[in-house]
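The hints should help you fit chain G onto chain P, whose structure is shown.
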Amino acid sequence: MDEQPLSIVLFSGTDDRLNAAAVMVAGAAALGRPVHVFLQYWGLEAFRAGRLTEPRPLAPEAGSDGARAVAHLQQAGQQHWSETLRQAKEIGEVDIQACSLSMDLLRLEQADLDPLVDGVEGVAAFYVSAADGQLMFI
Amino acid sequence: MSTSVRQPINSDSVTLDARGLKCPMPIVRTAQKIKDLSSGQLLEVLATDPGAVADFAAWSRATGNEIVSQSTDDGVYRFVIRHR
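Protein chains in written order, with the working numbering: chain P, 13 to 150; chain G, 318 to 401.
Chain P on its own, in the form it takes in the complex (with noise of 0.2 Å):
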């Protein structure tokens, strides 16, 4: 059985790399891996509360054609990234930390931020957490 943790650094706020995420997170929490998730920058901001599910734009590189696939693959049923993090915390030891620098920068306080996010924290606690496990920067 392999309970390595999985940490994540979510620096993007963009919708196909907020899905990556989500997919990454899950299925390690499927597999009873504990996930830490560090939130940054834009990837903290897309956590606002009541904003989850505002649209949001694509990474560059999608280009028009990317942005079709991406539409057609929400219409064949792919749920929102939201809904694949709040499913992964139900099965698995899942933990979202908000970098407290990006708090400061973007003019937050915790009540600003969906419950999805567990609280806040430096840097070194992240790096604490994440131990002798991988690491990931999306």
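Everything labelled a hint here was simulated from the structure, so no lab data went into it.
These numbers come from a predicted model, not from an experiment.
It cannot be assumed that every hint is accurate.
Within a straight-line C-alpha distance of at most 25 Å, the following computed PhoX-like cross-link-like pairs (lysine-lysine) qualify [to be verified]:
{"no.": "1", "chain 1": "G", "residue 1": "339", "chain 2": "G", "residue 2": "350"}
{"no.": "2", "chain 1": "P", "residue 1": "101", "chain 2": "G", "residue 2": "352"}
{"no.": "3", "chain 1": "P", "residue 1": "101", "chain 2": "G", "residue 2": "350"}
{"no.": "4", "chain 1": "G", "residue 1": "339", "chain 2": "P", "residue 2": "101"}
{"no.": "5", "chain 1": "G", "residue 1": "352", "chain 2": "G", "residue 2": "339"}
Chain G regions said to be covered by chain P (calculated; three or more residues, Cβ under 8 Å) [claimed, not checked]:
{"no.": "6", "region": "332-341"}
{"no.": "7", "region": "344-354"}
{"no.": "8", "region": "369-381"}
Even glycine gets a Cβ: it sits at the ideal position worked out from N, Cα and C.
The following block gives chain G in isolation, referenced to the frame of chain P:
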């Protein structure tokens, strides 16, 4: 539609219809569902995600829930999993 959808494997088994769900939701729903089962109970999962065969094999290895049978019928993958 395969007959396995309507006919339970045995009276104690549970079926999860994950057809149409995109990766990684078949595995996520399976992990969610299996928590409701008792040890030794069987869970039948139907999925159409093209990654399902590799994903269920990996999930089974990682979590210790054994795949006791698997088959494919007209694009639908069927897994029978025994809860560890």
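Handout entry: Unsatisfied constraints (hint numbers, rising)
Key = none
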